[in-house]
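Starting from the known structure of chain A, arrange chains B, C and D on it as the hints suggest.
Residue numbers (our numbering), protein chains in the order written: chain A, 74 to 419; chain B, 74 to 419; chain C, 74 to 419; chain D, 74 to 419.
Treat the hints with caution; some may be incorrect.
What the hints assert, rightly or not - DSS-like cross-link-like pairs, simulated, lysine-lysine; straight-line CA separation at most 27 Å:
1. K196(A) to K196(C)
2. K235(D) to K196(D)
3. K235(C) to K196(C)
4. K196(B) to K235(B)
5. K235(D) to K196(B)
6. K265(C) to K235(C)
Since the hints were made in silico from the structure, they are not lab data.
4 protein chains.
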Amino acid sequence: MYFASDNSGPVLPEVMTALADANTGYAMPYGADPIMEQVRARVREIFEAPEAAVYLVSTGTAANSLALATLVPPYGTVFCSPVAHIHEDECNAPEFYSGGAKLTLVPGGDRMTPDSLRATIAKEETRGVHGPVRGPVSITQVTERGGVYSLDELSALTAVAKDFGLPVHLDGARFANALVALGCTPAEMTWKLGVDAVSFGGTKNGCMGVEAVVFFDPARAQEFELRRKRGAHLFSKHRYLSAQMAGYLTGNVWLDAARRANAACTRLADGLRAAGAGFLHEPQANMIFATFPRAAHRRLHEAGARYYLWDGTLDGADDEAVGCRLVCDWSATEANIDRFLELVRG
Amino acid sequence: MYFASDNSGPVLPEVMTALADANTGYAMPYGADPIMEQVRARVREIFEAPEAAVYLVSTGTAANSLALATLVPPYGTVFCSPVAHIHEDECNAPEFYSGGAKLTLVPGGDRMTPDSLRATIAKEETRGVHGPVRGPVSITQVTERGGVYSLDELSALTAVAKDFGLPVHLDGARFANALVALGCTPAEMTWKLGVDAVSFGGTKNGCMGVEAVVFFDPARAQEFELRRKRGAHLFSKHRYLSAQMAGYLTGNVWLDAARRANAACTRLADGLRAAGAGFLHEPQANMIFATFPRAAHRRLHEAGARYYLWDGTLDGADDEAVGCRLVCDWSATEANIDRFLELVRG
Amino acid sequence: MYFASDNSGPVLPEVMTALADANTGYAMPYGADPIMEQVRARVREIFEAPEAAVYLVSTGTAANSLALATLVPPYGTVFCSPVAHIHEDECNAPEFYSGGAKLTLVPGGDRMTPDSLRATIAKEETRGVHGPVRGPVSITQVTERGGVYSLDELSALTAVAKDFGLPVHLDGARFANALVALGCTPAEMTWKLGVDAVSFGGTKNGCMGVEAVVFFDPARAQEFELRRKRGAHLFSKHRYLSAQMAGYLTGNVWLDAARRANAACTRLADGLRAAGAGFLHEPQANMIFATFPRAAHRRLHEAGARYYLWDGTLDGADDEAVGCRLVCDWSATEANIDRFLELVRG
Amino acid sequence: MYFASDNSGPVLPEVMTALADANTGYAMPYGADPIMEQVRARVREIFEAPEAAVYLVSTGTAANSLALATLVPPYGTVFCSPVAHIHEDECNAPEFYSGGAKLTLVPGGDRMTPDSLRATIAKEETRGVHGPVRGPVSITQVTERGGVYSLDELSALTAVAKDFGLPVHLDGARFANALVALGCTPAEMTWKLGVDAVSFGGTKNGCMGVEAVVFFDPARAQEFELRRKRGAHLFSKHRYLSAQMAGYLTGNVWLDAARRANAACTRLADGLRAAGAGFLHEPQANMIFATFPRAAHRRLHEAGARYYLWDGTLDGADDEAVGCRLVCDWSATEANIDRFLELVRG
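Okay, chain A solo, but in the shape it has when bound (with noise of 0.2 Å):
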């Protein structure tokens, strides 16, 4: 009964298998292995996007912040939600890549509204040289608190960056569960939208630990690549990165992967609600924050089940709501969702 994050879960098959089958004979470093030729072709079909630049990093941490760093110069700022991964969980990586800008919050939760988006835009309009250069809004999907955009909720937020010229970057380290619980295209979710790059997670979705970057520009290409080498995240055996993209993209693998991962969240949180749980958030994908009753998360605990108190702790009134926050991955599985219901309801 482990929901505490899907970072914590095992790799697929399909990726194991991958990284046995290259594990043959010698292959070119640095990228130059022939299965990142592969992966770029596919990533490319994937997004119908014949020519993006799409390289590969190991974490997403990296991804967000390489990406980042080749659209903010060191003089910018990004606007980001006030709970981005980028801000709350990356210890100022973003600040780092990009040699000292700004991470500018928008006002509001997890969920970026346009009106908020505009009105921090503009505030950081009039101070010359005295304030941070206007830089990328980066938007999280799904967002931190398992919310899903819908296209039209992410089209009025890339319409304000366009608005004002700015780039748009989308923390895809959820891609796949945002992109099934929508039910479109990769196209559809990015470029036709107006988002210029991507951090397109795959290791909360099954890999071991790869993410793309893909820039559907490509003329920030050879930048990315002195920032990703500069930062030490080429890797000389980077085949075993391809591999790990190559399995995961094969057929629909990523998609099924995290259609699992919601499918058991959305399981887990009927169950929930069948129980009596309140919702701090709406679970969207494959995240849930739900309040019950100590007395059950005491059940849960002594069970051993894993996850985040999120609102509240063990101590206290046995009847006191306490939230928490439940993952899902890929492998999670209605046995263990159904023992955590039945604990849940004591």
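The following block gives chains B, C and D in isolation, referenced to the frame of chain A:
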């Protein structure tokens, strides 16, 4: 016949097995996995350093840059060979991670001499706030030209550093190759000589992408962890870094792999010598810098052999000597070596 | 009728005289001039801090950025008001000098409250290596909206910082204006309350371009000097920085200048109040944020008065209230103030 | 008898007068002062470059670091002499401002040769993303050893840079001294030869603390301004930087000051030569590197003469030659020079 680099070979079967074994159920992320506990204990055992701080990263450049960044302030300088990997092959990563420190090159070749090191350090002495402050000495073992410092040579270098009160970093991308060449223990090659921090390579010797950073004084631990995270080098599914290192360090796996690589190199060097080749540097581990007639290079090239031309090109007179770099990894086969030698002999 | 900023007025005659007096013969460069000895002694005397480290730089942004860079690691964060100069008006200089640290904004206005500060610091607590480590609290006195924290208010803020073991920086670009407003001593407003480092402004109060950075614990001295040099802020002809500060701190020159500026501000504020103006913030030093009818702004504008429209524009209905910022420096004249008030009254 | 440096002398009376004249009433801050308009026009006139972008900063290190930071990316390298000020005397400021770029030292002395420069640049060619990308060539005129490149020599260096498509920066901390030594125009010494950016020194030649940065292609303007602000080098009371430069550039003030310094240097060098002194470098502007017996140094030392011992110490045999550096500024007097020479002769 691939002798271009030891970063292009396959992964050791023991490492692949460890990865497969680790791929079950959930594990705590970000280095809190139980396998990391084993790795830490095993590295401490190998180094006879029960207090050492041990961290894993996925590239050698990350290991070097992060280790150096904890040892040098942004207004300092690192002393190293003019052909050190940190200077020539990391696209300013040490400068980036240190926040703009300098590398001061010690005149000479791949092998620093105590006199040249001392003179170089001394020269930085008199400039007060105008010059950078003196920072760590970084020694590469195996050197970039395939040499192995003897323990006496290392000791003479660390003694110079200690005379000036400077810390010592060892770039051990080929640590195991040096170790088996010298026939000494890890402790004898490091902290017993005054080495403070080691980049302990795994990738080139049969891992997929993992290097340990070892600090014999654990006081730097918290800062390193924060710098690693900020550099986007903290893996969420960290168990797969741990598993690689665990498989690599099981019993003598790592030493045997290095012995195979070094033995292959010896076989190749002996054969080249017998064929009349010259040597730009004396091969002491798993790298050869040899010269032999262009005609032989042409035969090799046509037969599909892969290696770097180091000095000269394929165009020109047949009997002119052309230099090359040949590297053997753990998977080099006698058959390939013998075929290579046959082509050299013509 | 220039009330746009106190950074646009002339230099005090005592400072000009000190510069002229210093302009004879040779003097040791880079801070080794004898006048700097006097300045150091005088600053220590004024602060009753015989051990304090004292440095001069030429801009307030340099003072703030360099002071903060010695107090926060690159993986840390600085706590400040959302309208702090270091956040809004320094084009990422603190991020640059710190190597990519973050500024965490304490919700509220120009005047931080202990509760908001405590809550903000507390929130950064639980993210381990994922979030930045907590760094200094930076307090601006006079605030960016013309307020002056009382000693009790300052004490409550520094107490919060100390509860978390964090250092405190005071941005005293208008230090003297605050001091004379409170009628306390420099020691009472700084180290006696737990302030660790002060940007002690000179420029806005009548110098040409000089600010002192004062550390009450001199342990940071060497690092500051290296950072200042690396930041290109160490003057070769340093005596001319020293001379400005020496002239400024002679007797009560600096306090009298601040008293003149504050008195001018009071005269202007009283007149505005009498004329029916509103106040966005209570003026407590030498800055006013007032609202009065657009028609009055138009009269002022046509008569050549200079100041910032803060809230609103010149276009619109005559009787609508429009906000403005008015700043008085030491050279503001009663004649100009009275003429300004006349134009407000119409 | 002060010959330690031209950064230790007094300020030209014309500059002091300009400062006093500027000290009246209010002036727009941050470079929008009317005097800056005049300075910009005057610099463009002097350089015959009506489109040039012209900025002022207060230190030579700021001029160099900011100019270079606009010309080199963080993953690039700057080519310069091993004794260049940017390498030896700026405490990593260029590395800091560029975000971690490297300086690649061109083997040789203070005077780069086209062959050595070409070989050094060529060597950086083949490492793809592994090495830094090639950035600007920085030439110091007057060199750090008192030499003045002829126009032909400069032209040969810029030609090498242009062959590789690299921009050229001129560190002209002693620009005027070189100019009067060569008897050419500013345009002939800069853009007509392919120089792209100049650090145009004022401080060493009689200003208080001001240097201009001149870009002949104004396209870099906005970025420079943002970098200057971010580096805390934008003065609020900017008129006092402008006034210094305006006074300095009035008529022939700046050229006359350099002529006086160079003439003093010639008188000193001639006297030394007559007294049997040797020369480590041929003095061509206002710096001398001479050797004469230790006994003479002792006499000078006891008489209070100030200069750097460059090669050797005061302790040792009387008749042993000891090297020294002697610099003349605009205020050097014949009386002091003659007294100095008398002491040398003993």
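Hint by hint, here is what the structure shows:
1. K196(A) to K196(C): Holds. K196(A) to K196(C) sits at ~26 Å (cutoff 27 Å).
2. K235(D) to K196(D): 16 Å, holds
3. K235(C) to K196(C): Distance ~16 Å between K235(C) and K196(C) Cα, so the pair holds.
4. K196(B) to K235(B): Holds, at roughly 16 Å.
5. K235(D) to K196(B): 34 Å, violated
6. K265(C) to K235(C): 13 Å, holds
Hint 5 alone, counting from the list given before, is not met by this structure.
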